[in-house]
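For the record, the sequence lines run as chains C and E.
For the first sequence, the positions run 0 to 522 when numbering that gives the first Met the number 0 is used.
For the second sequence, the positions run 0 to 313 when numbering that gives the first Met the number 0 is used.
Just so you know, these hints were derived from the structure itself, not from any lab.
Treat each hint with caution, since some may be false.
[What the hints assert, rightly or not] Which bits of chain E does chain C cover? Going by a derived footprint, with three or more residues having C-beta under 8 Å, they are:
id : segment
1  : 6 to 17
2  : 170 to 184
3  : 244 to 253
[As the list claims (entries may be wrong)] Below, computed lysine-lysine pairings styled on BS3-like, alpha-carbon distance capped at 30 Å:
id : chain 1 : residue 1 : chain 2 : residue 2
4  : C       : K144      : C       : K204
5  : C       : K204      : C       : K166
6  : C       : K120      : E       : K111
7  : C       : K120      : E       : K71
8  : C       : K204      : C       : K155
9  : E       : K136      : E       : K165
Think of the CB as a built atom: it goes at the ideal place given N, C-alpha and C, for glycine as much as any other residue.
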Amino acid sequence: MTDVMVTDVRAPLAWVPKGDVPALASAALAFLDTASTAFGRATAYNDRQTAQDAELAVHDALLSQDRHLYALLLTLPGVTDRARQVGVKNLLGVRGELDLELERQVLARLVAELPATRVFKLFVALRAGDDKAGIHRANNARTRKLILRVILGSPKLELWAVKYRTKMAESLTHAWGVRTTSIVRAILTRGSDRWTSKEQAIVRKAIDRFARDVETARACVAFALRASPPRTRGAPLRLLAAYESAKTDLSLGKRLPLEVLEGIRSTFHKDVKSATLIELTRDTMTAAQRMSVQRRAEVDVRMDPTEYDAVRLYLYAFEMGMSREILDALMEKAKKAASALRLGYARIGVLLDASASMAGSREQALRPMATALAIRDVLAHAADATIVRCGGDTDGVLVRPSGATSLAEGLVELLAAGVDAVFVLSDGYENRPAGRFAEVVAAIRNMGLHTPIFHLNPVFAAEAGGVRSLASEGVATLPVRAPEALGLAVDRGLREAEPRRGLDALVGLARLPESTVSHVVDR
Amino acid sequence: MSLTVENILRGTGLGPMQSVGQMQVIPLTGDDDATYAPPELEVGTHGYGSVLLRNTHDKPTIVPYGAGWVVKQAAQDHAIASSAFVEPGAERIVGNAMCIQQTQPGLIKRAKHALTILPARLRAKALAIRNVDQYSKLWEHITAFNKELGIESAANLVTFLTQFQKQLDEFVAEFELVPRQIGAIVLVSGEVVGIERAPSAAYFAATWEPLVRVCYGSLAVASKRSDPPRTRLPFLALAKGLDALRAALEDLRVREDQLTREIVDFARSLRMKRADQADDTLGDAQLWTVAGSTLGGQVVTRGDAVSYASLVLA
Numbered sequence: 000m001t002d003v004m005v006t007d008v009r010a011p012l013a014w015v016p017k018g019d020v021p022a023l024a025s026a027a028l029a030f031l032d033t034a035s036t037a038f039g040r041a042t043a044y045n046d047r048q049t050a051q052d053a054e055l056a057v058h059d060a061l062l063s064q065d066r067h068l069y070a071l072l073l074t075l076p077g078v079t080d081r082a083r084q085v086g087v088k089n090l091l092g093v094r095g096e097l098d099l100e101l102e103r104q105v106l107a108r109l110v111a112e113l114p115a116t117r118v119f120k121l122f123v124a125l126r127a128g129d130d131k132a133g134i135h136r137a138n139n140a141r142t143r144k145l146i147l148r149v150i151l152g153s154p155k156l157e158l159w160a161v162k163y164r165t166k167m168a169e170s171l172t173h174a175w176g177v178r179t180t181s182i183v184r185a186i187l188t189r190g191s192d193r194w195t196s197k198e199q200a201i202v203r204k205a206i207d208r209f210a211r212d213v214e215t216a217r218a219c220v221a222f223a224l225r226a227s228p229p230r231t232r233g234a235p236l237r238l239l240a241a242y243e244s245a246k247t248d249l250s251l252g253k254r255l256p257l258e259v260l261e262g263i264r265s266t267f268h269k270d271v272k273s274a275t276l277i278e279l280t281r282d283t284m285t286a287a288q289r290m291s292v293q294r295r296a297e298v299d300v301r302m303d304p305t306e307y308d309a310v311r312l313y314l315y316a317f318e319m320g321m322s323r324e325i326l327d328a329l330m331e332k333a334k335k336a337a338s339a340l341r342l343g344y345a346r347i348g349v350l351l352d353a354s355a356s357m358a359g360s361r362e363q364a365l366r367p368m369a370t371a372l373a374i375r376d377v378l379a380h381a382a383d384a385t386i387v388r389c390g391g392d393t394d395g396v397l398v399r400p401s402g403a404t405s406l407a408e409g410l411v412e413l414l415a416a417g418v419d420a421v422f423v424l425s426d427g428y429e430n431r432p433a434g435r436f437a438e439v440v441a442a443i444r445n446m447g448l449h450t451p452i453f454h455l456n457p458v459f460a461a462e463a464g465g466v467r468s469l470a471s472e473g474v475a476t477l478p479v480r481a482p483e484a485l486g487l488a489v490d491r492g493l494r495e496a497e498p499r500r501g502l503d504a505l506v507g508l509a510r511l512p513e514s515t516v517s518h519v520v521d522r
Numbered sequence: 000m001s002l003t004v005e006n007i008l009r010g011t012g013l014g015p016m017q018s019v020g021q022m023q024v025i026p027l028t029g030d031d032d033a034t035y036a037p038p039e040l041e042v043g044t045h046g047y048g049s050v051l052l053r054n055t056h057d058k059p060t061i062v063p064y065g066a067g068w069v070v071k072q073a074a075q076d077h078a079i080a081s082s083a084f085v086e087p088g089a090e091r092i093v094g095n096a097m098c099i100q101q102t103q104p105g106l107i108k109r110a111k112h113a114l115t116i117l118p119a120r121l122r123a124k125a126l127a128i129r130n131v132d133q134y135s136k137l138w139e140h141i142t143a144f145n146k147e148l149g150i151e152s153a154a155n156l157v158t159f160l161t162q163f164q165k166q167l168d169e170f171v172a173e174f175e176l177v178p179r180q181i182g183a184i185v186l187v188s189g190e191v192v193g194i195e196r197a198p199s200a201a202y203f204a205a206t207w208e209p210l211v212r213v214c215y216g217s218l219a220v221a222s223k224r225s226d227p228p229r230t231r232l233p234f235l236a237l238a239k240g241l242d243a244l245r246a247a248l249e250d251l252r253v254r255e256d257q258l259t260r261e262i263v264d265f266a267r268s269l270r271m272k273r274a275d276q277a278d279d280t281l282g283d284a285q286l287w288t289v290a291g292s293t294l295g296g297q298v299v300t301r302g303d304a305v306s307y308a309s310l311v312l313a
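For reference, chain E alone in the conformation it holds in the complex (with noise of 0.2 Å):
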């Protein structure tokens, strides 16, 4: 079975392109499903590797996948693999989550902590050993991880936070959303490395700050190119009046409309595998994982209709 990202971007619009640096955001728009809550969940851990998620709301919520919580408390941080449905007002133990800040003892005292989303790279391994149950599983990930970006400690994804926090701080500053926005396209360098569809804008709101700050923000700060991707079109006016500099403006705006059309278009052709298995149910909805050639994830169906998506560079 596959699916393309065209039937994930079935009934979105598309708000012009955000740029900054190397990284760029076109916005998806498009009408609330209200059957889903935001992740904003009471979590804490029972043991290594255990994570409790409550949900405080009246609606089923999606727990996204790489979903981690890096607590103030002498705790140790901790992150879920795959994503999973919480039903509305009830408690769920994720018993094969990860371990995400190896040098670090302690259990999470049961609270509204701030969602975090892993960097897309660890994402896209964690989802891979989403099965594994081991709570050390993406130890080895994460030390790599780090050393890609000279980063030489243990495997304590607080590292890396703590150490590109001014980078990552200013990706959320950075990237404003729009009306109605329900997901985002995600460039990073020129290349599409993640698309995001979430039920609501609500929902959308809630996830936008882990995903733009630690998800995408990892891959933006990891690019050593410094001149701006060739998606970002200079302004090169030689005008000689302020008549032929508005033009030359809006002319530029056409041609980035025109160059977000293109982009959205090449990534409506990416097909992905779906897995033979749903990783979870509630209802009549399904968790699948899916996996192409440059982009995977979990989907999240209703029959054809697609009410969830992330997907990170595979």
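Next comes chain C alone, as it looks inside the complex (with noise of 0.2 Å):
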């Protein structure tokens, strides 16, 4: 179901920072910690009010002191999708001085970038605001534009008119208004050969400017708006032909999306049970429909483990089992990441915070702890490693989080044994003292052992504004929030103390669209 056509283009972007550049590199540091790490959700340690509002305050600093630098940020790799949306809404929503051409092209990466759900899940903010995600509304020519152009621009208009038909209705009202979207409902539920010229020029105006394929377009208006357009001459679009023949005979609807099919057995088919539902809808399941479904243990459908990704099948492993093919998929996974992850070093320590906060919050249990088990095997791929265990129960590759934090006397055992860089796996919160973590390197680097010291949190503190530190000195604190993101990490590591070097490198990496096509990322 991906379907990424944005090709990457590392354009040679001019920037020049405005102002104070200490500032504005630590402005930019915590917007990574942020846009990396953070979810708008609730962890172990914040609520989601709280780490939302610190969330959105990084963003809002960045976006004050330099527009550009935000914009072009928002597109490196390993920036949430959480992050993208609301990078979406800043852009939209606040007027600034940023090359509209640019800011055009950024937009139309971060929404290409943004699965389906998010995209349709932004667009109605956009219309109403969303309190609870931090979306305020915002109704600009800019903000209409990329909604039609998005929606109506899309290859998988069809799909997404009968999975997102509501929302893709509110969506267009927002871009077009509530009088225009009368207008053109009452339009397409005429042929287009009675129209008057008005009206062709009304459709022209709100529905085929935008559209990559015209008929297809205005059949999923159509549809969207339940505007019953009359019988045309051609074939119909197979997808909207399904929906509406499974309301008299579900088998007909097996190319329909399950979420879609369930909603027309639950209105239609009362008496279908599940089961059967997921029977038809076999081949069509997305990926997580399958990982779901087995959880559920309902219908033996296959569930191919290589589809998803680490910190999935960690978090899926957590709940029902670790089994020989999630295992294989998972050191397959890891070994492919660290071929791509240049780290530098022969000898690598891995220190792996197992304690009790690493089981994260209840909204997103277990996720720290998947992401650093995740992080943990692509490290072990990318060198020798030795890694050390901080905390936890163990069965072999699981580690279930328990217990308190000390971290010292691990990072003693992993420079005995003589590694060229340590790598620490942490939410940043230590208790067996708080502080012991940092006195001992403190008393390493007074020996003159110079080793480097990473430090990869995967969790978001509010009251940090970012990332939480173990040591304010002797270690680079990196966010990371998956195994793909860990170059980014590593790299902002390396370059950690040149603050001027490391944002044109992170300038270089932001990548644009070639074209201005959107399309987006189904998934």
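Could you use the hints to bring the two separately framed chains together as a complex?
Next comes the structure, spelled out in structure tokens:
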């Protein structure tokens, strides 16, 4: 279901810092910490509102200091979907001096990389505002055009029409306004051969000029707006036809997504069991749905572990148990990610914090631990690695968090093993006692031992306005929410000491689309 | 009749001391007593000073004294002064509850609201006036408590919670539960300020966040000291090599364990007087108020055994 059509271009982007570079660097680093770890949700330590307020403040700080840099950094690999969503909202909702063409490209890139569910959630939120997600209403020409370009220009328009029908209608209504939407709807209920020239002009302006395929776009808009279009001579669109047919014969809807067919079943075929539905949609299920069905064990639907990212596989294994198949997939993924990672160290030490707080919040149970384990695997394949665990219970690969945090002894053990660099995977909360890790780092540096120590932190901490450090000196603290973002984190750590060079390097990593076409990832 | 902390700690083991800033926690571990469910209740107010508690579990529960509910509704936040038993599936109205938000009118709609536990000093004040039937009975103490912390406001606990939210949140994050943890000895600035014993690990886990965040967190916030407490040993290694560094760390751990045992031994010897009459009973379980020269609070006993205890700085 992934359809990334945007070509990476390492654009020779001209960026000149405005004002105080160290202050800007500080805001940019805080932003990267937040943008790569914050999800706008509760953590083990902060409730949703606190976490979200801190997250949005970090976005606002960089946006107000340097809109250009803010926009470019949003496109970096490793930035979360959530941060991109907030970024789009900010760029659309706050006026600035940024080059409009560049901003349009940035917006296209950001939206292109968001999953469709987030895109529609964002569009709907832009219409009415969404306090829970921290998104305010935005209604301007750029917002309206972006919505229409993304929806009507999508190669997945037909799928979206059946899958996100209501949200699509809301988004289009936001873009056109209630009155125009009503007019468009009325026009689409009649065949195009019966439209007046004025009506043709309205449809051209509202739909056609943004459409990838005019007939498909018109049909999908009619479907989303429930306009009951007349029968046309050409073949009807397959999914729209399947949707209508399934109302009388459920089996005719088997090409529809599971959740769409479930909606039809619950309204028109209440006597049909959900297991029958799973049988029917076995071939069209998304990877996430197959994983969910496996959990319920209602119907034997084959789940291919290679289709899932490592963090999700660990979360699944925590719930369902580790199998040989999942373990193989995890190791394969780790090997692949490691091959793209240039650590520059032959022997590394990995200190894994598995204390109780790594269990995370109820909202995202075990995610910090799953992320740490996935990163541990990549590091273990990227160099000759010695791994030391602090706290937790393990049955081999899986480690369940428990107990207090005491990382200092583990650090000394790794250094005594003669490693070239140490990677500490921890949420940054230490209590046996707090500050002991920093004391030991200071003692090590006093001894003249300068082995690099990187603290990779997968948890956003509202009170720290980013990620929490274990030591203020002698350790580079790097946010990393997933193994895929490890490269960015390590690069950031290596350059942390040189702000200007670091910012230039980050801008160099920013990616813009080759064309202005917006294709959205549907996953 | 008197009671020692030794009686309360009987049957528990010690976990390694956790230490962050002025606050330190020694975990108490032990087996679960499955008699009581965690105090996860539906709560509402019937009128000012009247709190309705509904236990949705199939076991009885003990609601801690100083339990409060700070809600986002436009309603007056309330707390109860004394602990209370609530039978399984039953409702109980506590008629001598207290308002903790003077300036806010309105009643709390019945729902599962998050539990808070009053700051230790207010908890002790509340316990002393537990039998006073006046919903405004804690206001003057809340005002004084706020004033001590530099907050000029009416008797509103929310002002304190909002003003110190960042620090209070950090306490939750920083102290971690250990396996089989059913209690804790809490120190602030090197002094024992609280002893908690719950019937089970599940019960303790349900009350730990409000205890560490507000009840004991408030004492750490109020502490003006910035230097580490004497019970947090510094690492002053001038080691020449990693082996020496490792040995220094090991030595420090030994001294920390010794210090922990000394603190607990001191706490064990603390003696408290028990009130003449039980505050509440449920079957063979009795709720007693106890007070000593440094600590006071409430305990639940069944025969000689202590099922629950919560003692704070008197």
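Do the hints match the structure? See the list:
1. 6 to 17: It holds, with 4 qualifying residues against the three required.
2. 170 to 184: Held - the segment 170 to 184 of chain E has 8 residues with a Cβ nearer than 8 Å to chain C, which meets the minimum of three.
3. 244 to 253: Contact hint for the segment 244 to 253 of chain E vs chain C: holds, 3 residues under 8 Å.
4. K144(C) <-> K204(C): holds (11 Å)
5. K204(C) <-> K166(C): Within the cut-off at roughly 21 Å; holds.
6. K120(C) <-> K111(E): Holds: K120(C) and K111(E) sit about 29 Å apart, inside 30 Å.
7. K120(C) <-> K71(E): holds (26 Å)
8. K204(C) <-> K155(C): holds (21 Å)
9. K136(E) <-> K165(E): Judged against 30 Å, a Cα distance of about 29 Å means the pair holds.
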